[in-house]
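In case you want the letters, here they are:
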Amino acid sequence: METGTGRGLLRFLTCGSVDDGKSTLIGRLLHDAGLIPDDQLEQARRDSRGRAEEDGGIDFSLLVDGLEAEREQSITIDVAYRYFATDRRSFIVADAPGHEQYTRNMATAASGASLAVLLVDARKGLLTQTRRHAIVASLMGIRHVVLAINKMDLVEDGEAVFAAIRQAFTVFSAPLGFRSVTAIPLSARRGDNVVHRSAAMPWHHGPTLLEHLETATAGDDPTEDGPLRFLVEWVNRPNLDFRGLSGTVLSGSLETGGAVTVWPSGRSARIDRIVTFDGDVAQARTGDAVTVTLDTAVDAGRGDLLSGPDDAPEVADQFAAHLLWMAEEPLIPGRSYLLRAGTRWVPATVTALRHAVKVETLEHGAATVLGLNAVGLCNLSTAAPLAFDPYEASRHTGSFILVDRLSNRTVGAGMIRHPLRRAANLHRQELAVSTAERAALKRQRPAVLWFTGLSGSGKSTIANRVERRLHTLGHHTMMLDGDNVRLGLNRDLGFTDADRVENIRRVGEVAKLMAEAGLIVLCAFIAPFRAEREAVRALLPDGAFLEVFVDTPLEECVRRDPKGLYAKARAGTLRNFTGVDSPYEAPDAPELRLDTTAEDADALAERVVELLHRKGIAEA
Amino acid sequence: MPISKAMPNLPDDLRLLEAEAIAILRETAASFTKPVLLYSIGKDSGVLLHLARKAFHPSPVPFPLLHVDTGWKFREMIAFRDATVRRLGLTLIVHRNEEGHARGIDPIRSGSALHTRVMKTEALRQALDLHGFDAAIGGARRDEEKSRAKERVFSIRNAAHAWDPRDQRPELWRLWNPRIQPGESVRVFPLSNWTEMDVWRYVAAQSIPVVPLYFAAERPVVHRSGALIMVDDGRLPLNPGETPEMRRVRFRTLGCYPLSGAIDSDAATVEDIIVEMRASRTSERQGRLIDGDEPASMERKKREGYF
Ligand SMILES: Nc1nc2c(ncn2[C@@H]2O[C@H](COP(=O)(O)OP(=O)(O)OP(=O)(O)O)[C@@H](O)[C@H]2O)c(=O)[nH]1
Ligand SMILES: [Mg+2]
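Chains as they are written, first to last, in the numbering used here: chain S, 546 to 1165; chain V, 82 to 388.
The set of hints was computed from the structure by calculation and includes no laboratory data.
Here a beta-carbon is modelled for each residue, glycine too, at the ideal position from N, C-alpha and C.
It is possible that part of the hints are untrue.
Computed footprint of chain V on chain S; a stretch qualifies when at least three of its residues, placed anywhere within it, have a C-beta under 8 Å from a C-beta of chain V [claimed, not checked]:
| # | segment |
| --- | --- |
| 1 | 583-594 |
| 2 | 723-730 |
| 3 | 829-835 |
| 4 | 1037-1050 |
| 5 | 1105-1119 |
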């Protein structure tokens, strides 16, 4: 069976609500087009025993639902990719799951498709999940839709039902920016209007599904006439005489001798050679993977983007983007994530959640967090400038993912709207006196000592004794204490997860400024989440952040209860209290662990001072 | 150096598949400390190796090759492997599960399921752990099998090398997420989006050498559970009254010879193979005895750490 004959490839997905017949439709399409090998058909027939008597013995969804759990539950969990070709065209189809829980898998399928076949059960009409998938498809940049109204075999007066659903979708989808919507009535089970025209629906004069797919214009593949975007994937250094940039031409074309600009640095150079395994070439087209050398030794490496001199991408460290959240744990503004765009990885935070998009109705609503499968318009800020294009202009250079720093899971998918000009107008001012100079005058190395532990564990007590000792030894110090900061700088913050994250973010920034002033900064904060403590660590130079875990068991803290807070929390009069109804994530590898049940506060303070001596922060 | 105007002419779809695979290989080299290319000697491995040479040129391929040898590969495969490594100056690691070998596990008496688990799955896990490889690049394609159709390009495996198909990372655009925790490793599949036909068209377009067993020739075969099994050496026990018969056959996939079924064929060139495939009504894995055990056997093997 043939695939890929160079006549144009169509990437599409099937989506829609659970059980609307997506997998059955793909199986039916492949079967009726004669594309299922005999042995696979035989296998499907054996697997179908007892479940598809009336369909000639084959449950067509089994041809695509490839996981055991999927076949047992008769639902699709993850995307299946199938590759096929007819005489007229080759196709890659992604069969998406309909279940709401797996919306992120549907988004994954949509990210690579240029056309969506959106299924509707003729008996049920447009459901919440149908609308959600239409909106996600639109967000992911799909502009062509087939409204496949399925299970026509189960409705009376099909023509009227079909017309009503088509009308409802036209009204609903008007703001979604689809360039074409083609409605087709079909029965996946019977094979009506899938590959073969159905005698059961003589009123339908439009194409069958396959006819439409074979001829649909959905060419949004990278175009030669777009601006040059060359993504550097790998620095190629076989020896000292050769330094090449290996990458892919995402759009436009490259020519030897042509002027290029390296982003985000903005340095200019000319293409010296275009090297390939089959010899040097004078030109590389959109889609080509090549290695280029530049005529001058400009600094360029993995993560950089090359453009032509006159069609620069946007460069900013703040931008607005639509974000689809894909993790159980919600998105918290202010928390630090790793962002990947192109081949560049950079720490990033969502600085503002401007609104959440109701994926059923497109309405905007206020939100403080984004949960699993929610979509929001956000402002993001990255630790270093990023070169990008709006997603509308390019899926390749306008998209990003967010990754959790601890679990390494992919938690968000982003589509960039526009840069935020604030970043462009704010320039980091070079300071005349450096941190090192300020510290040298004080005969110390600046550092942030972060005391973390449960409420009542002894953080403030120990930190205060440490500071007194350091002061006596002639060091310049400053103490930031949780309660004090909350009475001033952070008095607008409460104790929800989102507010706790913002609390620590601000304290981290203040501690950083003080360390830059050359001080040894002592911070005594519960800081219950590992991610935030790691984010503060990332703000500071290597070795300048020292995490001190004041390790007092919860029972002991409750017994001591110096402020009477545990009693209130247990009585239910104090909410969101760490250790009681709010979590505490103990450090995995603190620089120092203090066991308060083994030694007294003075002895423990002495251990902290020893640590500072060992690390060369304070002179012994 | 001669400079041609543009890249050599590949049909557009193959050109894009090639570029995608190259980007994935570079991503692997850039993101892992110790990647390895699983070289199984078949056509997919051959294409993968060719792509790796292209991806990093003029640098050499920046990772070694690993062949997990069960001891039951066709003799022509081993000869081809050694010739390829010599010709291209590559580093090859051959690993065999010595403990399984000592226990006398073999594909005939132990059965295909046990043999595959011990000599392939366990052997692969052993080799990866032994050398501390954090990424293993393989030539598996989504079109081979329906649980493979659900696999990611960068597929995360836990410390026991197990695949959890219900909890895969979303993989959007080309923004792969190869980040792992200590102990975890990754299987990388640059040929995910290729079909069997793409592989042969590419082999033809790029004149990539393949093992002669893919081409029709007179070979001694016996009939076993509906398949034609080649008598490659004296270790295949013949049933009473069974005599090898010379037939003009070839193989669509290659593995351990007692488990690889041949097909009757006259296809003697890559072009012939492409013509034959266009007319074929059976799938590529049909001749493999190891998948046929039960419907979900591939998925189960993958959950145990099979490729
Ligand atoms: N009568 C009738 N039943 C159909 C038709 N298409 C699908 N079905 C049945 O609808 C049920 C669900 O089909 P699937 O193909 O698994 O649905 P799906 O949309 O892929 O479901 P998820 O992927 O889990 O969201 C099965 O029982 C099918 O046999 C149709 O055209 N007519
Ligand atoms: Mg399905």
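Taking the hints in turn, this is what the structure says about them:
Counting residues of the segment 583-594 of chain S whose CB lies closer than 8 Å to any CB of chain V gives 6, which reaches the minimum of 3, so the coverage claim holds. Look at the segment 723-730 of chain S against chain V: 0 of its residues bring a Cβ nearer than 8 Å to a Cβ of that chain, fewer than three, so the hint is violated. Evaluation of the coverage hint for the segment 829-835 of chain S: fulfilled, as 6 residues show C-beta separations to chain V shorter than 8 Å, against a requirement of three. Residue count for the segment 1037-1050 of chain S with a Cβ under 8 Å from a Cβ of chain V: 0. That is fewer than the three needed, and the coverage hint is violated.
Judged by the Cβ-Cβ criterion of 8 Å, the segment 1105-1119 of chain S is not covered by chain V as claimed, because only 0 of its residues qualify and three are needed.
Taken one by one, the earlier hints fail for this structure at numbers 2, 4, 5, listed in ascending order.
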